[in-house]
Amino acid sequence: MKFYIFATLLLLCFQQVYSQDYHLPDRELKEVEIVSKSMKYYSQGTHIQSIDSANMKFHNEGTLASLLREEASVYIREYGAPGQLSSISIRGTSPVNTAIMWNGINLNSMTLGQTDMSTINTFYFDNIDLQYGASSAQYGTGAVGGSIILKDNIDWSNPKSQFEFQTAYGSFNQQFYGFKGEYGKGKWKHKTVALYQKSDNNYPFYNEYDKEEQSVNNAGFEHYGLLHETYFKPSEKSEISVNLWSTMDVRGIQPIMIDNMNPNFNDSTINTAFRGVINYKLNTDKWTHISSIAYIKDELDNKGSIIGTERLQADYRGETSLSNSISLQTGFTAMNIWPDVYAYNANTEEFRASVFLALRYDITSRFSASTVLRQTFVSGLNAPFTPSIDLSYALIKDFDKSLKIKSSAGRSYRIPTMNERYWGEKANPDIEPEDGYNVDLGLDYSHDFATLTLNANVTGFYLRTYNKILWVPGNPTYAKNIKNTKSFGIESNVNLGNQHSKQQIKWKVGLAYTFTDAQNTDKDKQLIYVPKNLFKSFVNLGFKTWSMSVDHNFVGKRTTSNDYYNLDAYHIINLGVNKSFKINKSNLLLTLKANNITDAQYQNYEEYPMPGTNYMLKANIIF
Amino acid sequence: MKNNYNFQLVFALIAILFTSCIEDKETTPYVPGSEGFHVAHSGAFSKPKTASVSAISMTDTDTTFSHLAYKSANGEELGGNIEGFDSNGQLTVITTASTSQIIICDTKTLEKRFVVTDSVDNPRYTAFDGNKAYVTVWGPIQPDYSYINPKVLVINLSTGKLENWFSVGSNPEGIAIKDGKLYVAPSYTANVEVYDLSDLSAAPELINIDAAPQHFAFDADNNLWVSATGAWNFVVADENKGLAKLNTSNNTLETLINYTGIGGDGYIKASSDGSTIYGIGAEAWPSTTTEIVEFNLSSKKYDTIITGEGFKGVGQNPASKDIYVAVTPDYENSGLVNVYTETGTKKGSMEVGLAPYHFIFY
Chain F
51 MKFYIFATLL LLCFQQVYSQ DYHLPDRELK EVEIVSKSMK YYSQGTHIQS
101 IDSANMKFHN EGTLASLLRE EASVYIREYG APGQLSSISI RGTSPVNTAI
151 MWNGINLNSM TLGQTDMSTI NTFYFDNIDL QYGASSAQYG TGAVGGSIIL
201 KDNIDWSNPK SQFEFQTAYG SFNQQFYGFK GEYGKGKWKH KTVALYQKSD
251 NNYPFYNEYD KEEQSVNNAG FEHYGLLHET YFKPSEKSEI SVNLWSTMDV
301 RGIQPIMIDN MNPNFNDSTI NTAFRGVINY KLNTDKWTHI SSIAYIKDEL
351 DNKGSIIGTE RLQADYRGET SLSNSISLQT GFTAMNIWPD VYAYNANTEE
401 FRASVFLALR YDITSRFSAS TVLRQTFVSG LNAPFTPSID LSYALIKDFD
451 KSLKIKSSAG RSYRIPTMNE RYWGEKANPD IEPEDGYNVD LGLDYSHDFA
501 TLTLNANVTG FYLRTYNKIL WVPGNPTYAK NIKNTKSFGI ESNVNLGNQH
551 SKQQIKWKVG LAYTFTDAQN TDKDKQLIYV PKNLFKSFVN LGFKTWSMSV
601 DHNFVGKRTT SNDYYNLDAY HIINLGVNKS FKINKSNLLL TLKANNITDA
651 QYQNYEEYPM PGTNYMLKAN IIF
Chain X
270 MKNNYNFQLV FALIAILFTS CIEDKETTPY VPGSEGFHVA HSGAFSKPKT
320 ASVSAISMTD TDTTFSHLAY KSANGEELGG NIEGFDSNGQ LTVITTASTS
370 QIIICDTKTL EKRFVVTDSV DNPRYTAFDG NKAYVTVWGP IQPDYSYINP
420 KVLVINLSTG KLENWFSVGS NPEGIAIKDG KLYVAPSYTA NVEVYDLSDL
470 SAAPELINID AAPQHFAFDA DNNLWVSATG AWNFVVADEN KGLAKLNTSN
520 NTLETLINYT GIGGDGYIKA SSDGSTIYGI GAEAWPSTTT EIVEFNLSSK
570 KYDTIITGEG FKGVGQNPAS KDIYVAVTPD YENSGLVNVY TETGTKKGSM
620 EVGLAPYHFI FY
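Respectively, the protein sequence lines represent chains F and X.
For the first sequence, the working numbering begins at 51 and goes up steadily by one.
For the second sequence, the working numbering begins at 270 and goes up steadily by one.
Just so you know, the hints here were simulated from the structure itself, not pulled from any lab data.
Treat the hints with caution; some may be incorrect.
In silico DSSO-like links for lysine-lysine, alpha-carbon gap of 30 angstroms or less [said to hold, decoys possible]:
id	chain 1	residue 1	chain 2	residue 2
1	F	LYS454	F	LYS573
2	X	LYS538	X	LYS514
3	F	LYS573	X	LYS616
4	F	LYS261	X	LYS381
With beta-carbon atoms standing in for the labels, derived distance ranges [stated by the list, open to error]:
id	chain 1	residue 1	chain 2	residue 2	range
5	F	HIS621	X	LYS430	22 to 28 angstroms
6	F	LYS347	X	ASN357	36 to 42 angstroms
7	F	HIS621	X	ASP542	56 to 62 angstroms
8	F	ASP649	X	ASP293	21 to 27 angstroms
9	X	THR529	F	ASN395	24 to 30 angstroms
10	X	THR529	F	TYR246	34 to 40 angstroms
11	F	ASP260	X	GLN411	20 to 26 angstroms
12	F	GLU272	X	GLN359	34 to 40 angstroms
13	F	ALA104	X	GLU292	36 to 42 angstroms
14	F	ASP351	X	GLY358	51 to 57 angstroms
15	F	ASP572	X	PRO409	52 to 58 angstroms
16	X	PHE314	F	ASP260	18 to 24 angstroms
Glycine residues also receive a C-beta, built at the ideal position from the N, C-alpha and C atoms.
Extracted from the complex, chain F is given alone in its bound form (with noise of 0.2 angstroms):
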């Protein structure tokens, strides 16, 4: 019976695009570009932070654990070395409350919850943004502390090739290989990127244990990575896009400081991924229409233990100008889930599909609101109306200066995952589904002086969870319903510079500021691995073809499950320096890092030193 809803819905998402009739848009459409509004606009009165290829162009050698961990204002959790299990914790919530999206795909394992942000490399990627706070109405399951939106963008405006090669060499044996093309002509573009990453990761570190210096055992890894997209464009209303993304990580499993110097504890997993997206893309008088079918494998093998999980999925989204100042975007996705795990019992599979409606109004030049709604089905499972409103107004808005008052309020939730339903004879599958709420109030500042520019943002939030679902570890283990949490606090950004003025040496700095208490409800206790205070700054210099940036970033003390015992907070200072080439039609940048200057030693997870200092050396040349 699934089947033939999922396959009536794959239908019905080809037939909305080809019933409709061939005109020219009339509408917000570049000129040969295909565009339909990302739920971001809908995301108005939502603090998101976008990191810019400019700016991912110094970080593109390391991973998306890495980049959040240097630009953003959230907690990154390392079990050790780079490489090694990284999930992420934004505004006190827990790993699996993140949404990470590619191509409309949540790239969360459906058996885990959550992305191995060690797997992700940023070399892929154009840009991303990170949408703070709760966005289930946008981007559905798991959207509760934030979301993750990964972009690699096609230029149809560039005729040209272009290539680029990157190679890094760097401590404990780091070494990266990467290649990135955009090339073809005419209807025709594609995209195709290539990377190996390996480490070592045998650093120094004190073992509080055994007493001495020792070097981190059984942490290395490699990562093996091919990105490949085509797009043609038969005509100019329409375009047709294959993107085909498939990684591999081979790695050893760091041992806590107390075992590492016993090989039995040594452990090893490969994860495997494969992710395939065919895009349809239409204009069409009224309305801008894309949909979408994606098949994900995923698999992580632990010594022949396989959890891992195949999905197709189906997407439909269609776009319109209601008026010149009201947009509304629909649509509606359907996925099947047919799970790989050997807790499991034989034929579970799983079903899920969710409609939602999106529309904005600017109701005057400074005023905005927009809506989402979103209603999920799961098989067996009930999931909560989802919600959300966003609102803008521009309390100054000069040609030099504006300053905007924002606000968001949406319900969120979280389907549980498939092993918290299917795992062990204890399986649950009636376990009730995370829910919550988040409020956001903020402020964003934008000051264009003479030669400086200055922008300052503030954004207030309060986040509730209900259903918490824990772990419970029994005979066998499972999964439940236990707790409820709450946090709030405060994100700030200060950013002034003068890098849009005629002056010959360029500088930037900037401040960021987080704090967040959050708490279980039943326990006067700051959660487990989530800092109240959270501090970054940098100072960028530009001169010439010269460049350079000092970073530094502080992590508040952070409880653990020992009432006594608090991880120590920790400054890391780090030092880039940048110089380009142009060679005939090239470009070339080398780029010499030193990390964690000071040496400090720190663990983002008890029982799992960092690296001290650290080198790299990178090479990126663009032709």
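Position chain X against the provided structure of chain F, taking the given hints into account.
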């Protein structure tokens, strides 16, 4: 005036910033009382720093609670998750699983005397005989999570030296000594092994109980009882689960008080006068309904006297006769010690460390 207002605002924000940090909690230094008790907290898996020993000390005028009593007494952490916590009245033996240590300390002051690590791999529980301690050891873990070379270590309590060791059945858990015989509970077998203390190299006698033996307890008449359980990889018929009485004169199974609800840990503890034995039903997992049962050793029946969630250990205060129950709500937050009357009426509760497990009263 405006500048003054702005200054106050900035000052207030900075004040909020610096008062909103996470504070390190201080604990009361440990000073032994005329009487009191210790609670051992096993801590969370892979997090050795979550293990600790806390103490309640009572004097004629005061009662103090030290959350980190062992650290206070010795200036250092235990350095591993606690498994066993046994005392002969003068010395306490603490075994740590993750660091494979056998720590010998003074029962009252908790001051460390010796730490044994030689030949120690995953130590478990201890029996005492004069100045010797006999400690069960699972052996080194293998890549498939099994353990090899299980044994019992013989340690001289006066010197802290390993004097002898001998191989036993797999995953040896409880251990007891009676009348020159050493009783070992290899928990992955269906037998209690009986060794002659005068000749430890001799093959043991086996007492088949048709269940996994776990822990021993002596009653007031010095009869030896053993908990009989099943495990996830060792299916045991319900009729063989419960509390088994061993006939130690001919080393046979004498009788069984059938209790199908007994937890896989097989946690049992004799009352302070040995008139009864307390057991824990169901697994001591968070949010799992558990119970404390009282075995009537003469009628061969049991009564449930206390129910609740996450019960992990039990003991009776010999002075007050109150029953102390160690509660583990979850593995991310502090545990509790609930205090009940002898008949199971709750008297109070106190917050302790993570995953409280064993009690020693002095």
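Results of checking the hints against the structure:
Taken as a hint, the LYS454/F and LYS573/F pair is broken in the structure, with Cα atoms around 37 angstroms apart against an allowance of 30 angstroms. A distance of roughly 14 angstroms separates the Cα atoms of LYS538/X and LYS514/X; the hinted pair therefore holds under the 30 angstroms criterion. For the given pair, LYS573/F sits about 22 angstroms from LYS616/X by alpha-carbon distance, which is consistent with the 30 angstroms threshold. Taking the CA atoms of LYS261/F and LYS381/X, the gap is about 18 angstroms. The hint holds against a cut of 30 angstroms.
Separation of HIS621/F from LYS430/X is about 46 angstroms and departs from the stated range, judged on CB atoms against 22 to 28 angstroms. With their beta carbons about 59 angstroms apart, LYS347/F and ASN357/X fall outside the hinted range of 36 to 42 angstroms. Taking 56 to 62 angstroms as the suggested C-beta distance range, the pair HIS621/F and ASP542/X conforms, at roughly 59 angstroms. For the pair ASP649/F and ASP293/X, the supplied restraint of 21 to 27 angstroms holds, since their beta-carbon distance comes to about 24 angstroms.
In this structure the hint that THR529/X and ASN395/F lie 24 to 30 angstroms apart at CB holds, the actual value being about 26 angstroms. Distance hint check: the CB atoms of THR529/X and TYR246/F are about 57 angstroms apart, inconsistent with the given range 34 to 40 angstroms. Remark: the range hint 20 to 26 angstroms for ASP260/F to GLN411/X is upheld by a beta-carbon distance near 22 angstroms. Between GLU272/F and GLN359/X the Cβ separation comes to about 56 angstroms, which falls outside the hinted range of 34 to 40 angstroms.
The hinted window of 36 to 42 angstroms between ALA104/F and GLU292/X holds, with their beta carbons roughly 41 angstroms apart. Separation of ASP351/F from GLY358/X is about 52 angstroms and conforms to the stated range, judged on CB atoms against 51 to 57 angstroms. Separated by about 41 angstroms at the C-beta atoms, ASP572/F and PRO409/X break the suggested range of 52 to 58 angstroms. A C-beta distance of roughly 20 angstroms is found between PHE314/X and ASP260/F, which places it inside the suggested range of 18 to 24 angstroms.
Violated hints, in rising order: 1, 5, 6, 10, 12, 15; the structure is consistent with all others.
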